[in-house]
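A.B. asks: Below are the chains, spelled out letter by letter.
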Amino acid sequence: MLNRKMNKVVAFFCAFLIAWTPVFAYADDTLPPRVDVSAVDLGKVTQLRKGQHAPFAGILLSDTAAAKLFADLKFTERECQLRLTRELKINTLQLTSQIDALKLRLEVETTRSTGLLAVKDERIKFLELNWRPTPWYESGEFWFAMGVVGGILITVASGYAISQAGK
Amino acid sequence: MGLLTLLTFLISGRQQKKVLDAANKAHDKENKINEKAKGDLVDGLTKISEEKDEKIKEALRESDKREEDLKKEKEKLVDESTNSDDLGRKIADLIGAEYVKPEDE
Chain L
1 MLNRKMNKVV AFFCAFLIAW TPVFAYADDT LPPRVDVSAV DLGKVTQLRK
51 GQHAPFAGIL LSDTAAAKLF ADLKFTEREC QLRLTRELKI NTLQLTSQID
101 ALKLRLEVET TRSTGLLAVK DERIKFLELN WRPTPWYESG EFWFAMGVVG
151 GILITVASGY AISQAGK
Chain V
1001 MGLLTLLTFL ISGRQQKKVL DAANKAHDKE NKINEKAKGD LVDGLTKISE
1051 EKDEKIKEAL RESDKREEDL KKEKEKLVDE STNSDDLGRK IADLIGAEYV
1101 KPEDE
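First to last, the protein sequences are chains L and V. Just so you know, our numbering puts 70 at position 70 of the first sequence, and the rest follows in order with no gaps. Just so you know, our numbering puts 1014 at position 14 of the second sequence, and the rest follows in order with no gaps.
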């Protein structure tokens, strides 16, 4: 009884503590400040004629070098795409060829196995029919021999009988 | 008795010959099947290899042509851009840089 009351008191105390425990949200939902793109220095470019003052320190390229640089920048993606396409096509052709070769192997092997199985089946059937020789008493040779032996015996017996009758 | 023995030998010999003949025929058939499979495989693989080589050559030819065209186009652009007055602006636009006019313009 006392134990039950004690449990109730403890439960009430715990509930009281839980209700009074302050709950804080530790997650910070504020977004990080965005990078100001305009503040990023992407550099400067100018185009000078001979004798003109440069507006900032930097590297001066001749018209030809600048034109080449411009063309390189402009064509890099297309050149890369072209190489990529070529490699992709070659790889596709090679892999397709490998797949075709494997399909052919499978087909040939299937045909070969089917043929061999047919031959084996035929051979099994033959051996089942001929697994033991014909019994000697069923063969034609035996009966031929029996005929010959019988003829000889009959001839001998007849000769003996005739000779006995003459006596 | 001797005649019977001889006949028994003859009978069993004939039976064995029949079995061996059948075995030889079966082996011949198996050999033919194997040879045919070998021939089919060699022919097929040769054909596949030749077709692949031809297709790869064609793809390389096509790619070389495109590369050559691109190179010509690039050279044309270089020639056009060399004497262009707004090359600086074009480069700046391309790389996202700021174009600065010369001081005395």
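Worth double-checking, as some hints may not be accurate.
What the hints assert, rightly or not - Here are the simulated lysine to any residue pairs, SDA-like style, with alpha carbons at most 20 Å apart: (1) V:1038 <-> V:1050; (2) L:5 <-> L:15; (3) V:1038 <-> V:1022; (4) V:1036 <-> L:111; (5) V:1032 <-> V:1022; (6) V:1065 <-> L:76; (7) V:1057 <-> L:88; (8) L:120 <-> V:1026; (9) L:74 <-> L:62; (10) V:1090 <-> L:69; (11) V:1090 <-> V:1075; (12) V:1038 <-> L:110; (13) V:1076 <-> L:78; (14) V:1071 <-> L:111; (15) V:1065 <-> L:5; (16) L:120 <-> V:1030.
Unchecked claim - According to the in silico footprint, chain V covers these stretches of chain L (three or more CB under 8 Å from chain V): (17) 3-17; (18) 108-116.
Said to hold, decoys possible - Calculated Cβ distances over 12 Å to all of chain V for the following chain L residues: (19) 20; (20) 31; (21) 43; (22) 49; (23) 54; (24) 92; (25) 96; (26) 104; (27) 136; (28) 156; (29) 165; (30) 167.
Since the hints were derived computationally from the structure, they do not count as laboratory data. Since the structure is predicted, the reported quantities are computational estimates derived from the model, not experimental observations. The beta-carbon is built from N, C-alpha and C at its ideal position, and this holds for glycine as well.
A.B. asks: State for each hint whether it applies.
C.D. replies: How the hints compare with the structure:
{"no.": "1", "hint": "V:1038 <-> V:1050", "verdict": "18 Å, holds"}
{"no.": "2", "hint": "L:5 <-> L:15", "verdict": "15 Å, holds"}
{"no.": "3", "hint": "V:1038 <-> V:1022", "verdict": "24 Å, violated"}
{"no.": "4", "hint": "V:1036 <-> L:111", "verdict": "10 Å, holds"}
{"no.": "5", "hint": "V:1032 <-> V:1022", "verdict": "15 Å, holds"}
{"no.": "6", "hint": "V:1065 <-> L:76", "verdict": "17 Å, holds"}
{"no.": "7", "hint": "V:1057 <-> L:88", "verdict": "14 Å, holds"}
{"no.": "8", "hint": "L:120 <-> V:1026", "verdict": "8 Å, holds"}
{"no.": "9", "hint": "L:74 <-> L:62", "verdict": "18 Å, holds"}
{"no.": "10", "hint": "V:1090 <-> L:69", "verdict": "11 Å, holds"}
{"no.": "11", "hint": "V:1090 <-> V:1075", "verdict": "17 Å, holds"}
{"no.": "12", "hint": "V:1038 <-> L:110", "verdict": "13 Å, holds"}
{"no.": "13", "hint": "V:1076 <-> L:78", "verdict": "15 Å, holds"}
{"no.": "14", "hint": "V:1071 <-> L:111", "verdict": "52 Å, violated"}
{"no.": "15", "hint": "V:1065 <-> L:5", "verdict": "95 Å, violated"}
{"no.": "16", "hint": "L:120 <-> V:1030", "verdict": "9 Å, holds"}
{"no.": "17", "hint": "3-17", "verdict": "violated (count 0)"}
{"no.": "18", "hint": "108-116", "verdict": "holds (count 6)"}
{"no.": "19", "hint": "20", "verdict": "58 Å, holds"}
{"no.": "20", "hint": "31", "verdict": "25 Å, holds"}
{"no.": "21", "hint": "43", "verdict": "4 Å, violated"}
{"no.": "22", "hint": "49", "verdict": "7 Å, violated"}
{"no.": "23", "hint": "54", "verdict": "8 Å, violated"}
{"no.": "24", "hint": "92", "verdict": "9 Å, violated"}
{"no.": "25", "hint": "96", "verdict": "8 Å, violated"}
{"no.": "26", "hint": "104", "verdict": "4 Å, violated"}
{"no.": "27", "hint": "136", "verdict": "6 Å, violated"}
{"no.": "28", "hint": "156", "verdict": "16 Å, holds"}
{"no.": "29", "hint": "165", "verdict": "30 Å, holds"}
{"no.": "30", "hint": "167", "verdict": "32 Å, holds"}
Hints 3, 14, 15, 17, 21, 22, 23, 24, 25, 26 and 27 from the earlier list are contradicted by this structure; the remaining hints agree with it.
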